Each structure stands twice: as structure tokens, then as C-alpha cells.
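Going down the list, the sequences are from chains A and B. Going by the working numbering, the residue at position 277 of the first sequence is 277; the numbering climbs one at a time, nothing skipped. Going by the working numbering, the residue at position 136 of the second sequence is 136; the numbering climbs one at a time, nothing skipped.
Any given hint could turn out to be false.
The calculated lysine-lysine pairs, modelled on DSSO-like cross-linking and capped at a C-alpha distance of 30 angstroms, are [as the list claims (entries may be wrong)]:
{"no.": "1", "chain 1": "A", "residue 1": "26", "chain 2": "A", "residue 2": "5"}
{"no.": "2", "chain 1": "A", "residue 1": "125", "chain 2": "B", "residue 2": "168"}
{"no.": "3", "chain 1": "B", "residue 1": "256", "chain 2": "A", "residue 2": "23"}
{"no.": "4", "chain 1": "A", "residue 1": "162", "chain 2": "A", "residue 2": "219"}
A short list of chain B residues far from chain A (calculated; beta carbon distances all over 10 angstroms) [said to hold, decoys possible]:
{"no.": "5", "residue": "38"}
{"no.": "6", "residue": "189"}
{"no.": "7", "residue": "229"}
{"no.": "8", "residue": "261"}
These are computed hints drawn from the structure, not numbers from a lab. Keep in mind it's a predicted model, so treat the numbers as computed, not measured. Note that beta-carbon positions come from the ideal geometry of N, C-alpha and C, so glycine has one too.
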Amino acid sequence: MIVFKGVTKRYGRTYALSDASFKVEKGAMAGFIGPNGSGKTTSLKLMLGLLRRDSGEIEVLGHDPWVEGEIVRSFTGFLPESPIYPRNIKVRQLLDHMARLKAASRFDVARIARLVGIQDYMEHKISALSRGYLQRLGLAIALLGDPEILLLDEPTANLDPKARMEILRLVSVLRRDLGATIVISSHILPELQQVIDSIILISRGRIVDYGSIDYLASKYGARIVYAVYTGRPRILMKRLVDVDYVRGVVDRGEYVEVHIDPLAVNDFLGFLDGMGGDLVSRIEVRSGYLGEIYERALAT
Amino acid sequence: MRGRLQHRLRELPVIAPPRVASHVSYIVERNSGVYLGIALGASLPLAIFMTLVFPPQIDLLILLVVFMSFIISILAGFMASAAAGEIESGETLLYLSTPLSKAEYYYSWIFSTTVMFTAIYSLGFVVPLIVVSPRSIATLEISGALIAVTLQLLYHTVIFSSAAVTLKSRTRVIGFITGFLLILPVSSLIVLALLEAVSDIYISDEAFVWIFGLYYPSFIFFFKEPNMTTGNLAQEAMLVLTVFAALFIASRRYVKRRMEV
Chain A
1 MIVFKGVTKR
11 YGRTYALSDA
21 SFKVEKGAMA
31 GFIGPNGSGK
41 TTSLKLMLGL
51 LRRDSGEIEV
61 LGHDPWVEGE
71 IVRSFTGFLP
81 ESPIYPRNIK
91 VRQLLDHMAR
101 LKAASRFDVA
111 RIARLVGIQD
121 YMEHKISALS
131 RGYLQRLGLA
141 IALLGDPEIL
151 LLDEPTANLD
161 PKARMEILRL
171 VSVLRRDLGA
181 TIVISSHILP
191 ELQQVIDSII
201 LISRGRIVDY
211 GSIDYLASKY
221 GARIVYAVYT
231 GRPRILMKRL
241 VDVDYVRGVV
251 DRGEYVEVHI
261 DPLAVNDFLG
271 FLDGMGGDLV
281 SRIEVRSGYL
291 GEIYERALAT
Chain B
1 MRGRLQHRLR
11 ELPVIAPPRV
21 ASHVSYIVER
31 NSGVYLGIAL
41 GASLPLAIFM
51 TLVFPPQIDL
61 LILLVVFMSF
71 IISILAGFMA
81 SAAAGEIESG
91 ETLLYLSTPL
101 SKAEYYYSWI
111 FSTTVMFTAI
121 YSLGFVVPLI
131 VVSPRSIATL
141 EISGALIAVT
151 LQLLYHTVIF
161 SSAAVTLKSR
171 TRVIGFITGF
181 LLILPVSSLI
191 VLALLEAVSD
201 IYISDEAFVW
211 IFGLYYPSFI
221 FFFKEPNMTT
231 GNLAQEAMLV
241 LTVFAALFIA
251 SRRYVKRRME
261 V
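From just these sequences and the hints, can you work out the full model?
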């Protein structure tokens with residue numbers, strides 16, 4: 001579990017974080033949501049013990065990161081925003097070295113390289129990698145040593161849409177396979193809402209609210225709208241109108257727009273899964289419910 | 001009492017030798033190619049030169065020792081500026097996001113610079129000297145000069161690496177090294193000479209040697225009267241160790257309490 005209690009961090013006279021308090025439960029996939037410069041990166045660095053807080057308390061699995069940073073970082077993987085790599089060495093050299101620092105084996109390096117899909121680039125110079133593969137390399141470094149906590153700072157920044165989706169899919173797989181607690185900082189909400197189950201909302205260094213998506217969506221009355229693509233819209237609509245958590249259904253021609261109760265996202269997705277691929281060809285989230293939660297939370 | 005002791009112990013920087021050794025070998029592996037090339041490039045003309053003036057005179061060899069040490073100190077400065085560049089660019093974050101502690105990172109740079117430049121000094125100068133004129137090594141002047149210059153090299157390495165970690169900017173570190181190796185020693189001597197000329201204050205030759213020795217400790221061995229004695233070597237070693245101890249205490253506090261990435 002990660003706990004912040006009244007944490008303040010200043011850079012000179014500027015408050016990067018002001019009296020911040022929140023919790024991330026063990027096993028959660030939490031989205032750290034806020035605009036650029038709101039204090040997300042500072043919070044992640046405080047969790048790792050790379051920055052010193054000016055006041056307040058921080059606990060990461062029961063350890064104070066500033067005092068016991070080495071212990072915290074031994075069970076935490078970190079992907080920085082725009083990581084800087086040594087350009088003149090091979091991918092394998094860097095991964096082997098990072099594995100030694102994290103007390104991981106060469107077998108782990110090979111396993112994680114396969115997991116993130118860079119096994120074919122191990123003998124390439126880092127300078128030859130594309131942005132997408134650099135991000136995969138960062139993920140591989142973060143995953144070495146099978147961390148209990150993963151901190152990902154803007155993992156999809158500067159990537160094209162295809163690479164962004166691949167990285168997010170990978171993160172979901174990692175959570176399922178490793179069972180790690182994951183904190184993802186991002187300001188690209190439509191993507192984030194597909195993978196996270198809890199949120200920390202931050203603005204200008206202040207924590208606006210935090211909790212599970214269900215709880216916050218319900219608290220702020222956010223709507224969730226899906227576009228369900230089908231070749232037989234009438235049949236689909238007929239089945240959906242009888243479901244109690246479906247608030248509304250509209251035929252948009254190419255797809256059916258479905259408004260649902262924010263607390264029933266998983267039930268709804270399970271329901272569509274049960275219909276099979278012949279009725280439902282594709283699903284897209286249409287409403288930016290995270291954005292809606294964020295805006296409403298800020299307004300209160 | 002026990003609680004305070006435990007708190008003090010927790011305040012000590014964490015040093016795990018295997019992690020330091022691993023990071024030292026990584027730094028050396030990444031940087032050694034260029035510097036070893038320079039060393040080997042320098043050793044060949046040096047060996048030829050020493051062969052031409054064979055048997056080499058002690059004074060000439062000492063001059064070469066001092067010249068080589070100056071060149072190597074400048075190279076060590078470049079290496080330290082590479083450390084500052086790494087911090088400045090943000091690459092350091094990559095390593096410090098692992099269990100590698102800030103203290104381990106700092107000591108890794110010091111050790112790797114020391115290991116590399118001791119190797120370069122040995123390959124570039126000591127080995128050619130042993131090959132060309134093995135007897136000269138047996139003299140107090142030459143063996144003493146080699147020890148004096150090695151101490152000076154360690155002194156510069158530690159000071160420059162500490163400056164790199166503290167200043168965190170390649171430009172500032174190059175400025176510091178230029179000031180330390182050139183501007184400060186020369187300007188200190190000019191100020192002292194002027195002071196002596198315009199006032200009644202007498203500044204002894206020994207005082208000049210000690211002041212210059214703060215920047216180039218081997219001057220204590222070479223120029224403090226009587227020249228090139230084991231006593232001078234011991235005094236130089238004392239100066240170097242005192243500065244090391246002061247830097248160790250200051251760096252310990254800095255990396256544990258103030259160094260942020």
C-alpha cells in the first residue's frame with residue numbers, strides 16, 4: 001500500500017505538492033490524473049525516495065522512501081517520463097547491468113525482453129530504437145526483479161496511437177500476470193480509463209479527490225457512454241433495453257450508443273462478451289467519464 | 001540512547017560493494033575505449049623518446065612524470081564532466097530508480113575514474129618506463145615521483161568527481177576544473193607575490209609550495225626543501241588524506257540529506 005499524509009514538496013518558493021494525502025490499495029491499478037505540472041512526477045519521485053519531502057509522511061509498503069529508498073526501490077519498478085538512456089551501448093548491455101543492480105538474473109532479462117517484445121532487438125544499439133521500442137525498453141527495466149509496485153510516469157507520451165494502445169495493453173497484461181500494484185500518471189484520459197480501476201485526481205499540487213472509479217463516478221454523477229459496433233443494431237438494442245444498468249440506447253447507424261450506470265462497467269463488458277463476435281464486432285468508450293469526474297471534482 | 005544510535009545508523013548512506021563494483025565496471029566499460037586509446041597512443045612516442053635519450057636522466061624523467069600527470073589530471077577532469085553531464089541529462093534517474101543508492105552512485109564515479117586513470121597512467125607511462133629503463137624505478141626520486149603523482153591523481157579524481165555530483169552541470173564542472181588546475185594556482189601565486197612586493201610581509205618559499213600544493217600536492221614532494229624525500233611524500237599523503245576525510249564527511253551528508261534527482 002502507498003500512503004501520503006499531508007505531504008508538501010517545494011522547489012524554492014514554488015509548491016509542487018501541497019498537503020497531499022491519498023492512498024493506493026495493494027493490487028490496485030491507479031491513474032494519477034492531472035494536467036502537466038500538477039505534481040504527478042514529483043509525487044512518483046517522492047514515492048521512490050528520489051526527492052525529499054518538506055513535510056508530511058510517506059509510506060510505501062511500510063517503508064519511508066527518503067530514509068529507506070534502497071529498500072523501496074528494490075520492490076518498485078519505475079518508468080520515468082521521457083527516460084534518458086545511454087545511446088552508445090546495446091540493449092542487452094543496459095538490461096544486463098540494470099538486472100545486476102536489481103539482483104535479477106540473465107534468465108529474468110530474457111523472460112522480460114520476451115514479455116515486452118524487445119527480444120529481437122537485444123543486440124541493437126539503443127540509439128537505433130524507435131520511440132515505441134524505447135518505451136518498451138523502459139518498461140522492461142521497470143519490470144526487472146518482478147516488482148511488487150510499478151510506477152509509470154506518462155508511459156504513452158510521445159507515442160503514436162498504435163504504440164500507445166500496445167503499451168496500455170501490455171500494462172494490463174502485466175497487472176494480470178504479475179499481480180503488481182500499478183500507478184500510472186497520465187493526462188491522456190480516454191486511454192487511461194480503459195485500464196485503471198482507481199483514480200487520484202491532482203491539480204496545482206493539491207489532491208482533489210481519490211478512490212475507485214466506481215465510487216468517484218457515482219459521487220460525481222459521471223456518465224459512461226459506449227459505442228457498440230454491430231451488423232444487427234435492432235437485435236442488439238432489443239437485448240440491451242431490458243438490462244437494468246443500461247440508462248439509454250440510441251441507434252447511430254454504424255453503431256449503437258449505449259449509456260450505462262458507471263458502477264456497472266465490468267458487468268456491461270461481460271454481458272457484451274457473452275453475446276459473441278457475430279453480434280458485437282467492436283466496442284469503444286465514447287464518453288470521457290474520467291474527464292467528467294475530473295471536471296466535476298474540480299468544480300466542487 | 002539506543003534509539004538515537006539506531007537513528008544515526010539509518011542516516012548513514014547505504015553502501016553495498018557488489019552494486020558499486022557492478023556500476024564501476026559498467027562505467028569503465030562504457031568509457032575506457034577512448035581513454036585507453038589515448039594512453040596507448042601516448043605510451044609509444046614516450047617509449048621512443050626515452051629510448052632516444054637512453055639512458056634517461058633522472059631530471060628528464062621527473063619532468064615527464066609531472067607532464068604526464070598534468071595531462072592525466074585534465075583527462076580525469078573530462079571524465080568528471082561526463083558524470084556531471086549524466087546527471088544534467090537525466091540519465092542518472094535511470095540508475096537511481098534501482099536499489100543503487102545515491103552514495104553508491106557517487107562512489108562508483110570516484111572509483112571508476114580512479115581505476116581507469118591509474119590503469120592509463122600505468123599503461124601510458126610506468127610500463128614504458130619499466131621496459132626502457134627498469135633501473136630508474138629503483139631510485140627514490142623516480143619511485144617517489146611516481147607515488148607523489150599517483151597521490152595527486154587520486155586527489156584530483158576525488159575532488160573533480162565530488163564537484164561533478166554537486167554542480168550537476170558539465171559547463172560548471174569544466175569551469176571548476178579550469179579554475180582549480182589553472183586559474184586559482186596562478187592567481188594565488190600572483191596575489192602572494194604582489195602582497196610581498198607592496199608590503200613588509202615575508203612569504204617563505206615553503207608557504208608558496210604549500211599553497212601551490214593545495215592544487216598540485218606533488219609539488220610538496222618535488223619542491224619542498226629538502227627536495228624529494230620520504231618526509232615530503234608523507235606530508236603530501238597527509239594533505240591528500242585530510243582533504244579526502246573532509247570530502248567524505250561533507251559528501252556523506254550531501255548525498256544522504258540533500259542530493260535529489
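Quick rundown of the hints versus the structure:
no. : hint            : result
1   : 26/A <-> 5/A    : holds (17 angstroms)
2   : 125/A <-> 168/B : holds (27 angstroms)
3   : 256/B <-> 23/A  : holds (27 angstroms)
4   : 162/A <-> 219/A : violated (33 angstroms)
5   : 38              : holds (17 angstroms)
6   : 189             : holds (39 angstroms)
7   : 229             : holds (46 angstroms)
8   : 261             : violated (5 angstroms)
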